[in-house]
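Number 210 in my numbering belongs to position 157 of the sequence shown; there are no gaps in the numbering.
It should be emphasised that the hints constitute simulated quantities derived from the structure, not laboratory data. Model, not experiment: these values are computed from the prediction. Positions of the beta carbon are idealized from the N, C-alpha and C atoms, including for glycine. Some hints here could point you the wrong way.
[Claimed, not checked] Here are the simulated DMTMM-like pairs of lysine to aspartate or glutamate, each with C-alpha atoms no more than 20 Å apart in a straight line:
| # | residue 1 | residue 2 |
| --- | --- | --- |
| 1 | 195 | 237 |
| 2 | 194 | 238 |
| 3 | 195 | 238 |
| 4 | 164 | 153 |
| 5 | 82 | 71 |
| 6 | 194 | 175 |
| 7 | 194 | 229 |
| 8 | 125 | 108 |
| 9 | 131 | 237 |
| 10 | 125 | 237 |
[Stated by the list, open to error] Computed beta-carbon distance windows for the label pairs:
| # | residue 1 | residue 2 | range |
| --- | --- | --- | --- |
| 11 | 101 | 133 | 17 to 27 Å |
| 12 | 85 | 286 | 32 to 42 Å |
| 13 | 282 | 244 | 12 to 22 Å |
| 14 | 203 | 91 | 27 to 37 Å |
| 15 | 192 | 134 | 23 to 33 Å |
| 16 | 58 | 227 | 48 to 58 Å |
| 17 | 214 | 58 | 44 to 54 Å |
| 18 | 166 | 56 | 15 to 25 Å |
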Amino acid sequence: LGHETVELRCDPEPSTRELRDDVCERRRKKTIPQAAPKGSKGSLGVAESANGRFEGQFRTLRAALTERLGKKVPLGHKLIPWMVRHAGWLMDRFQPHAGDGRTPWRRTHGKDYRAEVLEFGEVAMIRTAQKLDGKAELRWKKGLFVGKAERSDEYLFLTNEGLGRSNAVRRRADGERFEAKFIDEVKGYPWNLYELAEPAKPKGMHGNRHVSLESARKLYVTTRMVGEKGPTPGCARCSKIRDKKPQAGVA
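Make the full structure from the sequences, and use the hints.
Structure follows, in structure tokens:
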């Protein structure tokens, strides 16, 4: 954002402290680490308020899709991480700031975001380019909309083969835009776009105390953890730390 000096404050949870320290270590300009007093949410009022708005946006997306499908999408479903990603994407482009009424997108680009956006979970026809008989042929394929790419602004769709990208879509008639069965047929996670390998589930050991899968999902994997415990098979973050190279995923 162009700031020379930044004060980075977080709550006293070990995972957030390690993330803060990691950011301070990587940032080239002056970064001052701070910790909020335990149990004092007021000292992180702006961040807590943003968290509340984000959670509300996520609940709205999930409730809207539940109504469209006629069934609730469980929290363990592969659409949930895409829904979390899309909630943040929407807020960056359409959530006005209380102070001046401008969205983060307008503050950064000087204009409002006006490109078309589909409803999350909507089924549409996406245009793909594939080579047939040595020639590039345009084809249309059914996909489930899960968001848009940050840099290229392409539509992101899940298909029965994995993630698809396209800059052109054909929307269906109103009564044909949502399919409850199709959401269980598509493939792809933000960290495993084509499900080429089954991600390993966390074994969840912390000292001699067992940690549940739900708790393990909340952990932020740090360089120290990988150094002390070793990488977990199938963990993209562990592989990134081990290989010291950028992580593949959705931009």
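Ascending list of hint numbers which this structure does not respect
When the structure is compared with the hints, none of them turns out to be violated.
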